[in-house]
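Chemist: Given next are the chains, with one letter for each unit.
2 protein chains.
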Amino acid sequence: MLRLRAAQEADCDIILQLITELAEYEQLRAEVVADRAALQSALCAPSPRVFCTLAEWQNSLEDTSTAGFALWFYNFSTFKGRHGIYLEDLFVRPEFRGRGIGRALLQSLAQRCMTEGLARLEWAVLDWNRPALDFYAGLGAQALTQWVPHRVTGEALAQLAAQATHASPSRPQS
Amino acid sequence: MLRLRAAQEADCDIILQLITELAEYEQLRAEVVADRAALQSALCAPSPRVFCTLAEWQNSLEDTSTAGFALWFYNFSTFKGRHGIYLEDLFVRPEFRGRGIGRALLQSLAQRCMTEGLARLEWAVLDWNRPALDFYAGLGAQALTQWVPHRVTGEALAQLAAQATHASPSRPQS
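Protein chains in written order, with our numbering: chain D, 1 to 174; chain A, 1 to 174.
With the rest of the complex left out, here is chain D (with noise of 0.2 Å):
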């Protein structure tokens, strides 16, 4: 049976585990540079701009496994002067798949939006990722394929901010 649960604290460790084991299978474990402190700073913040929601599949009271996670934020819509939700990372592990585990989850994410009058739910798929590209049309999602993300990071990043010449507007509150 699943139960589909928002992250605590004492998840941090197990949060890590499923990232590990997710960069794992997209063969880019080398990328994970996260940690149990920055995950937990993130994730328990006063008012936390990340949210983790674990999906458990219990075989009874006493024998429950973690099976999958979705990590997603708040983003936003201009034109709609509302708030969405960016699915940033869903994963089910290899060994619960076919369960409609990822497809709880992402409903999860829906009901959500309609409970809290958000505009819309979004994420990104690998282009050459043919089954999952299925599986989210069938879903009634839109490919935005003419929308190309771009990224700036790393040395590129401090040169852009580097070049800065205006005074940066004040701090955010948190």
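If you're looking for bench data, these hints aren't it; they were derived computationally from the structure. Misleading hints may appear alongside valid ones.
Same chains, same names: a pair is fine if it fits in one copy or spans any two.
[Claimed, not checked] Below are the SDA-like pairs computed for lysine to any residue, each with C-alpha atoms no more than 20 Å apart in a straight line:
#, residue 1, residue 2
1, 80, 142
2, 80, 144
3, 80, 117
Starting from the structure of chain D, add chain A where the hints point.
Modeler: Quick look at chain A alone, frame taken from chain D:
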């Protein structure tokens, strides 16, 4: 002379005006349903989850015009275990273009990334917008062409939510 500053509550009218001008420029005016109350509620929440930087052009102390804006929020990298910045919208009014205002807004966000220890600065560009693509490449941005953004909204979102059979995790702290 350019001045960048964090938007305040009194700026919601001009932000809505800029959003409308952006939508008109993109021939998407009909999609704007945001209103002042919605913007104010999001931007001026006790712990806001979205932020706006205004660009003002000062000809003199008495002669200041709003030239553009950047609207952004914090995203999160699971592998890094750190937040980043997602730039949802960047707009410079046509009559203020060519003065480096868009670049200054991006630099200001890059500077914030460095100051706050954020992992990266991200945004999305329409694939037919060649001048923008070239401009961003020149800033050191990577085009993440393998990633396809996906969205569920409207009736499809309601349907996905209605299929949820598991108790929804509790509401995040606000």
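Chemist: Run every hint past the structure and note whether it holds.
Modeler: Tested hints:
1. Taking the closest pair of Cα atoms, residue 80 and residue 142 come within 20 Å of each other only inside a single copy of the chain (17 Å); across copies the shortest separation is 28 Å, beyond that limit.
2. Proximity of residue 80 to residue 144 under the C-alpha cut-off of 20 Å is restricted to the intra-copy arrangement: shortest distance 17 Å within a copy versus 26 Å between copies.
3. When the C-alpha separation of residue 80 and residue 117 is checked against a cutoff of 20 Å, the pair qualifies only within one copy, where the shortest distance is 11 Å, while the shortest distance between copies is 30 Å.
Checked against the numbered hints given earlier, the structure satisfies every one of them.
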